[in-house]
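**Q** The chain contents come next:
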Amino acid sequence: MTHSSHILICRGTACVSTESQEVQNELEKQVRERGLSEQVRVVHTGCFGFCARGPVMVILPRGTMYCEVRVEDVGEIIERHILGGEIIERLLFKDPQTYEPTEKIDEVDFFRKQVRIALRNCGHINPDDIEEYIARDGYKALGKVLTESTPEEVVNIIKKSELRGRGGGGFPTGLKWELTRKSVDDIKYVICNADEGDPGAFMDRSILEGDPHSVLEAMAIAGYAIGARQGFVYVRAEYAIAVERLNNAIKQARQKGLLGKKLFETEFDFDIELRLGAGAFVCGEETALITSIEGNRGEPRPRPPFPAQKGLWGKPTLINNVETLANIPAVILKGPEWYASFGTEKSKGTKVFAIAGKIGNTGLIEVPMGISLREVIYDIGGGIPDGREFKAAQTGGPSGGCIPATLIDIPIEYDSLLEAGSMMGSGGLIVMDDSDCMVDIAKFYLEFTCDESCGKCTPCRVGTKRMLEILERITEGRGREEDIDLLKELGHGIKETSLCGLGQSAPNPVLSTLRYFEEEYMAHIRDKVCPAGVCKKLSKIRIIPEECKKCGACTKVCPVGAIKGKPKELHEIDPDKCIKCEECIKKCHFKAIKK
Amino acid sequence: MELMEGELEKITAEVEQVIKDQGTERERLIPILQGVQEKLGYLPKEAMKKVAEAVEVSEVEIYEIATFYNQFRLNPPGKHQIKVCMGTACHMTGGNIIMESFERRLDIKEGETTPDREFSLERVACVGCCALAPVVVVDENVEAKVRPTRVDGILLGFDMEKKAAEKEMQKAASEQKTQEEEG
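Chains as they are written, first to last, in the numbering used here: chain A, 6 to 600; chain B, 10 to 192.
Source of the hints: derived by calculation from the structure; they are not laboratory data. Ideal Cβ placement from N, Cα and C applies to all residues, glycine included. The reader is advised that the hints may include incorrect statements.
To be verified - Far from chain B, by Cβ distances over 10 Å, these chain A residues were calculated:
id : residue
1  : Lys118
2  : Asp276
3  : Gln399
To be verified - DMTMM-like, lysine to aspartate or glutamate: derived pairs with alpha carbons at most 20 Å apart:
id : chain 1 : residue 1 : chain 2 : residue 2
4  : A       : Lys461    : B       : Glu112
5  : A       : Lys591    : B       : Glu36
6  : A       : Lys320    : B       : Glu11
7  : A       : Lys461    : B       : Glu73
8  : A       : Lys533    : A       : Glu486
9  : A       : Lys582    : B       : Glu109
10 : B       : Lys154    : A       : Glu587
11 : A       : Lys582    : B       : Asp116
12 : B       : Lys118    : A       : Glu486
13 : A       : Lys591    : A       : Glu552
14 : A       : Lys541    : B       : Glu109
15 : B       : Lys118    : B       : Glu11
16 : A       : Lys582    : B       : Glu36
17 : A       : Lys541    : B       : Glu112
18 : A       : Lys545    : B       : Glu109
19 : B       : Lys92     : A       : Asp456
20 : A       : Lys339    : A       : Asp142
21 : B       : Lys92     : A       : Glu24
22 : A       : Lys261    : A       : Asp456
23 : B       : Lys154    : A       : Asp438
Input sequences plus hints: build the corresponding full structure.
**A** Below, the structure written as structure tokens:
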């Protein structure tokens with residue numbers, strides 16, 4: 006039976022939060038009630054990436070995209086679009102600047118500049134149905150390598166693609182496979198690192214939710230290449246939807262004989278189990294992840310020996326990140342030359358980014374390496390909202406750094422980001438405008454790493470704490486001029502002497518903001534002022550007496566009752582009570598409250 | 010936190026069941042603790058002792074693991090669980106002000122439960138809805154673009170719900186009483 010229309014509705018985490026499930030239920034109900042079940046098929050998919058406008062819906066074959074669809078809109082969609090063949094302009098995406106509507110999903114700027122390889126199936130297939138994955142060439146790459154290639158040839162294909170690890174480090178994937186392949190042992194393991202912990206990044210989760218089979222298929226290919234028969238996916242227990250879809254995908258793959266014994270009627274056996282991570286940022290580090298699977302506190306081990314030599318239970322182990330793996334089937338099917346045709350000389354292929362912060366189109370994107378930061382922010386991201394000015398972009402989360410507005414034309418690739426004092430990281434990209442304080446953002450990241458430091462080595466355990474104390478006193482107006490040098494000295498010391506990647510990169514947010522925004526630090530220290538007005542102890546919200554119309558509106562919205570004064574009396578803010586939530590600033594019609 | 014009546018019996022029974030399902034190998038330790046927390050909602054001291062005995066490791070090793078991973082909680086969850094997102098996007102849009110508002114209104118700190126076990130308050134690192142920042146997850150519902158006034162609204166909603174339920178119960182009780190009197 007073929008359907009004449011397919012309605013794809015996003016069931017990623019952000020769209021679920023804006024009630025895409027309810028919209029889907031209503032769609033299914035109305036399709037059934039109107040006797041359209043033979044013509045119209047409703048499919049839930051993974052993340053489209055356009056989270057800012059969720060719930061997102063795409064109707065095939067036209068490819069019409071509707072945004073922010075509500076349950077009340079369902080009747081009209083069936084009536085006018087499906088039955089009447091009309092386009093409902095009201096629900097189309099409109100350019101935030103020109104208000105011009107765009108009908109088709111692939112014509113929207115947000116999607117036009119993207120190249121989707123790792124995300125190729127996200128938003129196109131129902132992740133709970135293996136048939137849909139197979140229909141889009143799923144498991145074909147596994148079949149191809151098992152029947153046509155030797156393990157050495159597979160390793161060479163990956164090496165030739167020049168794919169580098171997408172989890173943060175950027176280690177050449179083919180080389181990692183080769184090293185693990187060369188370790189001699191009867192038992193080897195493949196681990197998929199899905200312990201995504203960077204606050205503000207959700208690429209891996211979206212891939213697992215939207216296309217779990219691509220990761221399973223890639224693990225089996227890796228198993229064949231290195232000589233492993235068992236794989237583990239180490240995924241955060243908090244990712245409930247991803248865990249459920251992975252479990253379901255493993256079950257379906259086993260039923261189809263795509264996991265288990267004698268795959269594709271060869272002698273190759275491969276199976277996969279899930280291990281639920283219990284929430285520790287350091288477990289994203291490969292040796293810490295291994296100790297965690299073994300049932301311990303996730304503390305890293307010194308390397309060498311590398312996991313490729315001695316990993317899980319002392320056996321050679323290959324650990325790849327989710328996004329890295331999701332690229333593998335496409336590399337095999339389309340060839341390493343095709344993959345390497347994207348990107349720059351030293352960074353091939355594409356990278357997925359979660360863009361968030363002060364940007365129009367918050368969401369998930371996949372772009373070719375080497376694209377400029379400007380294109381990402383203005384062409385894809387839709388620019389900075391509220392007429393504010395771009396100040397800096399943060400990449401690499403707690404391990405990365407800030408790129409200031411002066412470097413907005415920097416190409417996004419491993420080496421140029423490192424040179425600028427940041428790093429690619431796992432793909433979080435936070436955009437900041439002139440109302441964000443760089444000292445505060447550095448403190449935020451350091452608080453995170455300080456809290457997540459496992460405590461095994463001293464530089465990281467004690468050093469990050471000392472740095473945090475210094476930042477705290479700077480943001481509270483107790484900073485000393487010599488603090489700047491002290492922060493730099495400590496930062497470099499921690500980078501050089503920490504045991505694992507967490508400590509070695511923890512000072513980056515501080516060092517990079519010091520590099521580009523030292524003046525802002527000095528304003529906090531010398532002038533006791535937070536120029537962006539973020540640091541609470543250094544900023545004050547006040548009512549301008551001449552502007553105040555004494556209407557009393559602000560006194561009602563203040564959640565802590567810090568504003569004194571009855572209507573017709575001059576209002577005043579009690580600075581000791583004020584929590585700087587700025588509700589009053591937003592409420593005042595006369596712009597009489599300023600910070 | 011004090012155990013309630015019958016709680017110790019429940020803890021013992023659930024822990025025994027989880028250990029039966031998972032086995033007692035050292036590498037199963039984290040899944041065992043995850044299983045116990047799934048059943049009981051948290052890891053009571055008594056449960057950790059029982060797990061230590063079964064897996065034959067010292068109690069401190071269990072405590073070490075329970076405090077290392079963010080997923081494990083040592084306090085019982087409240088009837089309503091409030092999780093304030095502290096990811097980067099939420100931080101920049103005032104997530105900490107939202108956390109403070111809950112702390113002030115509930116008179117507890119993050120990681121704690123109100124003495125009547127009505128509410129528990131936690132911070133979480135990025136729930137992946139950065140487009141909706143700042144975000145609070147109340148029970149299973151995601152609250153988008155939360156302002157301090159919305160915090161009051163959320164708590165007021167639960168308060169009204171509770172009062173309505175109490176009123177219902179009183180009404181039912183008095184109706185039953187009249188029926189009994191008439192009967």
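**Q** All hints are to be evaluated individually against the structure, with a verdict given for each.
**A** Quick rundown of the hints versus the structure:
no.: 1; hint: Lys118; in the structure: holds (19 Å)
no.: 2; hint: Asp276; in the structure: holds (17 Å)
no.: 3; hint: Gln399; in the structure: violated (7 Å)
no.: 4; hint: A:Lys461 <-> B:Glu112; in the structure: violated (32 Å)
no.: 5; hint: A:Lys591 <-> B:Glu36; in the structure: violated (54 Å)
no.: 6; hint: A:Lys320 <-> B:Glu11; in the structure: violated (46 Å)
no.: 7; hint: A:Lys461 <-> B:Glu73; in the structure: holds (13 Å)
no.: 8; hint: A:Lys533 <-> A:Glu486; in the structure: holds (12 Å)
no.: 9; hint: A:Lys582 <-> B:Glu109; in the structure: holds (13 Å)
no.: 10; hint: B:Lys154 <-> A:Glu587; in the structure: holds (14 Å)
no.: 11; hint: A:Lys582 <-> B:Asp116; in the structure: holds (16 Å)
no.: 12; hint: B:Lys118 <-> A:Glu486; in the structure: violated (34 Å)
no.: 13; hint: A:Lys591 <-> A:Glu552; in the structure: holds (15 Å)
no.: 14; hint: A:Lys541 <-> B:Glu109; in the structure: holds (13 Å)
no.: 15; hint: B:Lys118 <-> B:Glu11; in the structure: holds (18 Å)
no.: 16; hint: A:Lys582 <-> B:Glu36; in the structure: violated (51 Å)
no.: 17; hint: A:Lys541 <-> B:Glu112; in the structure: holds (17 Å)
no.: 18; hint: A:Lys545 <-> B:Glu109; in the structure: holds (18 Å)
no.: 19; hint: B:Lys92 <-> A:Asp456; in the structure: holds (18 Å)
no.: 20; hint: A:Lys339 <-> A:Asp142; in the structure: holds (11 Å)
no.: 21; hint: B:Lys92 <-> A:Glu24; in the structure: holds (19 Å)
no.: 22; hint: A:Lys261 <-> A:Asp456; in the structure: violated (44 Å)
no.: 23; hint: B:Lys154 <-> A:Asp438; in the structure: holds (18 Å)
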